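Asker: Could you put together the complete structure from these sequences and hints?
Number of protein chains: 4
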Amino acid sequence: MVHIGVIGYGYWGPNLVRNFAETPGCKVIAVTDLRPERLSAVKQRYPYVKTTNDYRDLLTNKDLDAVAIATPCSTHFKIAMEALKAGKHVLLEKPLATTKEKASLLIKEADRRKRVLMVDHTFVYTGAVRRIKELIKSKELGDIYYYDAVRVNLGLFQHDVNVIWDLAVHDVSVIDYLLPMRPYAVSATGMSHVANQPENIAYLTLFFKNRLIAHIHVNWLAPVKVRRTLIGGSQKMIVYDDLEPSEKVKVYDKGINVKSDAKSIYKMLVSYRTGDIWVPQLDITEALRTEAAHFVNCIEKKKHPITDGESGLRVVQILEAATKSISCKGRPIKLTTMKIAK
Amino acid sequence: MVHIGVIGYGYWGPNLVRNFAETPGCKVIAVTDLRPERLSAVKQRYPYVKTTNDYRDLLTNKDLDAVAIATPCSTHFKIAMEALKAGKHVLLEKPLATTKEKASLLIKEADRRKRVLMVDHTFVYTGAVRRIKELIKSKELGDIYYYDAVRVNLGLFQHDVNVIWDLAVHDVSVIDYLLPMRPYAVSATGMSHVANQPENIAYLTLFFKNRLIAHIHVNWLAPVKVRRTLIGGSQKMIVYDDLEPSEKVKVYDKGINVKSDAKSIYKMLVSYRTGDIWVPQLDITEALRTEAAHFVNCIEKKKHPITDGESGLRVVQILEAATKSISCKGRPIKLTTMKIAK
Amino acid sequence: MVHIGVIGYGYWGPNLVRNFAETPGCKVIAVTDLRPERLSAVKQRYPYVKTTNDYRDLLTNKDLDAVAIATPCSTHFKIAMEALKAGKHVLLEKPLATTKEKASLLIKEADRRKRVLMVDHTFVYTGAVRRIKELIKSKELGDIYYYDAVRVNLGLFQHDVNVIWDLAVHDVSVIDYLLPMRPYAVSATGMSHVANQPENIAYLTLFFKNRLIAHIHVNWLAPVKVRRTLIGGSQKMIVYDDLEPSEKVKVYDKGINVKSDAKSIYKMLVSYRTGDIWVPQLDITEALRTEAAHFVNCIEKKKHPITDGESGLRVVQILEAATKSISCKGRPIKLTTMKIAK
Amino acid sequence: MVHIGVIGYGYWGPNLVRNFAETPGCKVIAVTDLRPERLSAVKQRYPYVKTTNDYRDLLTNKDLDAVAIATPCSTHFKIAMEALKAGKHVLLEKPLATTKEKASLLIKEADRRKRVLMVDHTFVYTGAVRRIKELIKSKELGDIYYYDAVRVNLGLFQHDVNVIWDLAVHDVSVIDYLLPMRPYAVSATGMSHVANQPENIAYLTLFFKNRLIAHIHVNWLAPVKVRRTLIGGSQKMIVYDDLEPSEKVKVYDKGINVKSDAKSIYKMLVSYRTGDIWVPQLDITEALRTEAAHFVNCIEKKKHPITDGESGLRVVQILEAATKSISCKGRPIKLTTMKIAK
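Those sequence lines, one after another, are chains A, B, C and D. Quick note on numbering: our numbering labels position 270 of the first sequence as 271, and the sequence is numbered without any gaps. Quick note on numbering: our numbering labels position 274 of the second sequence as 275, and the sequence is numbered without any gaps. Quick note on numbering: our numbering labels position 174 of the third sequence as 175, and the sequence is numbered without any gaps. Quick note on numbering: our numbering labels position 176 of the fourth sequence as 177, and the sequence is numbered without any gaps.
Rather than coming from a laboratory, the hints here were simulated on the basis of the structure. Among these hints, one or two may not hold up.
Which copy is meant is left open, so a pair is good if it fits within one copy or across any two.
[Said to hold, decoys possible] Under the rule of at most 25 angstroms between Cα atoms (straight-line distance), these lysine-lysine pairs were calculated in the DSS-like manner: (1) 330 x 251; (2) 134 x 302; (3) 86 x 115; (4) 210 x 330.
All values derive from a computational prediction rather than experimental measurement.
Answerer: Structure representation (structure tokens):
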């Protein structure tokens, strides 16, 4: 039985408590938040859970095996580091950290203490993304040509981070999970429309070997909500629309055939192929439920989670580089090769 | 009565002939194409029109006032220049030319001979784009923050030009018409997925003064057809979906209010506004019909067309810079200021 | 302060408890259900609420002013009647009763004891339906020509009632609220696709004076979920799509103009009108919240609720007649005129 | 080589001429229309075709093997009968006739003279409907439970026939082609919203043996265009949306399983099944092209067409009964069994 504490009971914390409370093999022991009214909310709904306004009470609690941290971005590093040093397994809200240096320190600390460090890249655990992963792994799409994601709406302006760290982080983590390669460079553009505020609209291009390219469009100031990804492969193509209630993933048997026939070199090299469309049924388990069970399982089996510290670090590195590229109006930024355990 | 000849009767030529044939104040006198079977097609449908396989027959025809040119891109400059030198008014398929030098030469020649030089930027003449122009001019949207266009489908691969010159040209010409400023730089990325072929997927960012940004996504290799543009303003926002049969332009009374209140500086500076949506009725006249009438009117009234040589040149300059930026993985390319007559 | 008890804590009961718990001016005192595990669920979430497995404990509780009943349909009459006789105000799940005789008895009992009797016709309290009511009342639509509702999905088969009593009840209650007249006859058809089970697909036509007609299509066995209503008026028309996340009500400035011009009698009497579309912003308060507040307000102010016993009776009468018409393959059934207080 | 004449060059006639002109094995010889300007239009486009304002010129023309008739509904019988008596094969606009007596006379005349009599039930020849036919025949859907069609828009008011004869005729003819049984009764309701004009909105229910039911909703006065059909089967279900540009037919692996397990009789007999969705690629040949080729083939091979006189008669019988039912507010009308050749 894994005993869990949750740090932060604002927007996301209640989802963490609810899901861990309903996950077999673990128990929510304590919740902390600075605001008394949030702790009252915990008490009313979960009378058996201990509450405190000092997160250090959780770190010194010997009964606790693990903590889930859902505090503001700027506090992630400090709290997560203290938790690891106190011997707790850690599930941390995305992003893992605000710089790759801090992300690396967390990874090292977790390794040294043999603790699970997991980043809450929620979309990786959706039925849709896991199904797409299977399709890509089974080579059903052929070679992947491009990945194009749009994630826009009239969203809450963040004041400490730009729209990349708030929204593109989702797509970058999904790309990290899905694609068979790591990007070697990023070019990004963006704009802030409010004085003294970070960018609220941004466009990222990720460059990979073998003609693979990825692009992400994020916007906090759009009139409509769009969450749509196109994935082009040499054999098949996917439209993944997260707002579709029941047909989120569509697989198109469409594409081009390229002939190297001698005669056609001077004419048309490309012919078109269009066939059936297929909409696979998806696992509709709540992503956070799957993720909570995975965290518990990794603690019990001493395994590396899918969204481990390394994946969190790779995502942070890309977001950092993209932010730098934006300030240079799209100048490409090289992504340094990192030693990656797996 | 303006007497018109059409050069090229392939994909677009029949639309030109049909529309000029039905435009009051002009008459289609002659059509030329290299292929006999295309000329037969002309004869069967328009028995009264002269046909020839040599376009120079049209240029030497004293009865002709103007020519419309719908030949392959690489021949535009040569034919248009000869036509202007022969004293004909010219309507030329987009793009105006393949380089800004050639575009400038055409403009100068037309100026010297006082002939109308018009580029066939068809989308500028749609009811949707003209309605959006009114909304922008009337300040209904407030200040324009961004312009975001997507134009993708499983389209015909071109072999002599990349997807920018084939598809993005439409959006760049609409942007040139709609937006109150000229861009000062462009960053673009893209990829070719067929060996020895030009890019089939591309992303362009245009930078303007006053926090305005524009982005264009074009793709010949998409599983679905999308023609959707978001326009964000400080007061209202627009979704323009060209594939919607009857609700192409939607105006959203949505946005943010930014307060500089002293107290809120440390809290939330941005509040959200969401109101009604309005779908204006549009003029559904075929764009090319409106355009044909405009060409005839400019000839008769000795006026500059909306999509004149200057606008064609500005579009070509952007496409050239974007193509260069793609080869540098997004490095921004400055757009030199041009002297513009109007 | 109105003290409320909730009878039945199955599918709908938790929504009633949650909404009354958050409605100012009232307090949830007690909840009853036959199943111990459901009472535990109440206790965990609302530790301060009394629980019992005997609903009569609520009726004899002097502290209680009112009860909300969310038990199976067949028990509605008995429990509601006992509650009224015990002097409680009653909010009753739809339908009010299974026959119009029972419905009438409840109305009389409530009148005699001066108690509020309200039926939970939830859709009447949605922002969408209330907005449409305003549009109809203000004559913005002109004369109402037709009301056409579709409510289908792969839904839970009920075993004691057919699809009309489960789904069409929503549309009939909305029609009762929205339309300015009462229907005088109903024709209905339907079919059961499971042996010994009630109809799972049905079509109702309601006939009104002045050329007004209403039609309802309900189906438990549809491949897709549809909740769409068309309302045609002489001036404007509405599309009300309850599944649209943010554009539920669209007002079309479309219709026909009919001329009685002498000359045109032998030609075309009808001309078409098509104009802008308008999507009004809606109140997005949860319908049940609005409804709970209305119930409390009616108790305090001794008012008749919008969905009072009379409206519940009118709905029951239509459902009874429709069920009879189905068994006669569409033969029209006359709706007897009822004395209606308001 | 089949020589064809076309009678009537209004709305539909040009489509007939164009398609027969491009169908191998036949030739359009002559076209007739009462209006000189329509004949000029023929001449300009097809200089080789003879034109006349007297349709009898076509019937006496020995060179003609067949005529296609696209005249107003009320003239169908007279012209078609004269054509058959003149020994011509006949393709006749839907509906075959305005009464089943007249339809029967045409069938007898065609039989006696061994001429092909074909009704232009265009939708039967679409790729979508032919694909659905295969799915039904192959038992992929299992037993058919219901067929539900909606065909509404702001359409042209007809003055001589109601909306059933104009729109529902399409769905009735598709039902006749697709479903494995004939209906035994019809109930219909409807309304006219313009004084002295026929019904502009109508609802038809067709009753079949074996729990099969069909319903058609047609409306000339709708704010939006809808062309959507749901087909429910015991194994799979179909959504056929004719307005979808590329995904017209979707096959849902959804439904219910009914268990007759003794224990569950008192509990839940029905369980739900939901699986993948599949969008088959369709033949996108223009329906009228397929139909024209079929007509020519039937003449050459002396075969009965798919949409022969008998199918036209069955459709007319249903439309007649439905019109009668409307005037009786839904009273069901029995459909008499007809002797059918095939």
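Asker: Compare the structure with each hint and give your call.
Answerer: Now the hints, each set against the structure:
no. : hint      : result
1   : 330 x 251 : neither (35 angstroms within a copy, 31 angstroms between copies)
2   : 134 x 302 : within (23 angstroms within a copy, 54 angstroms between copies)
3   : 86 x 115  : within (11 angstroms within a copy, 68 angstroms between copies)
4   : 210 x 330 : both (23 angstroms within a copy, 13 angstroms between copies)
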